[in-house]
Amino acid sequence: LLDRANGRVLFFYLSGPMIFSVSKAISRQHTSISDYDVMILDLTDVPMLDVTVGLALENAIKDALDARCEVYLLCPNQRTREQLEKFHVIDLVPDNNMYQF
Numbered sequence: 449l450l451d452r453a454n455g456r457v458l459f460f461y462l463s464g465p466m467i468f469s470v471s472k473a474i475s476r477q478h479t480s481i482s483d484y485d486v487m488i489l490d491l492t493d494v495p496m497l498d499v500t501v502g503l504a505l506e507n508a509i510k511d512a513l514d515a516r517c518e519v520y521l522l523c524p525n526q527r528t529r530e531q532l533e534k535f536h537v538i539d540l541v542p543d544n545n546m547y548q549f
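Mapped onto my numbering, the consecutive letters of the sequence shown carry residue numbers 449 to 549.
No lab work stands behind these hints: they were computed from the structure. Among the clues, some could well be false.
As the list claims (entries may be wrong) - Have a look at the derived ranges for each label pair, beta carbon to beta carbon: (1) R452 with D498: 33 to 43 Å; (2) D543 with T492: 12 to 22 Å; (3) S463 with E533: 32 to 42 Å; (4) V486 with S463: 32 to 42 Å; (5) D485 with N507: 18 to 28 Å.
Positions of the beta carbon are idealized from the N, C-alpha and C atoms, including for glycine.
Please construct the entire structure, taking both the sequences and the accompanying hints into account.
Right under this line is the structure:
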């Protein structure tokens, strides 16, 4: 599927606890978001995240939406989802683009 997208899909797969050091990598990667039509954030294997990662995800999503990039969020972990709700990151992603499994 990604091959057929001809490089127009940015796929973020994150795993493990998301803490401060990861936020820098997220920030670095999302700077080129205008080169993509779709951004997929896969948090399937993220058991928890901290405030700095929440802020980095919020900024990445806002930048993607500003660039008219479609954003999809995969977040089946209830604790991670609750943290995203607490940080109001969930509010940025349309309901039909969120997948909880």
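Results of checking the hints against the structure:
{"no.": "1", "hint": "R452 with D498: 33 to 43 Å", "in the structure": "holds, 36 Å"}
{"no.": "2", "hint": "D543 with T492: 12 to 22 Å", "in the structure": "holds, 18 Å"}
{"no.": "3", "hint": "S463 with E533: 32 to 42 Å", "in the structure": "violated, 21 Å"}
{"no.": "4", "hint": "V486 with S463: 32 to 42 Å", "in the structure": "violated, 21 Å"}
{"no.": "5", "hint": "D485 with N507: 18 to 28 Å", "in the structure": "holds, 19 Å"}
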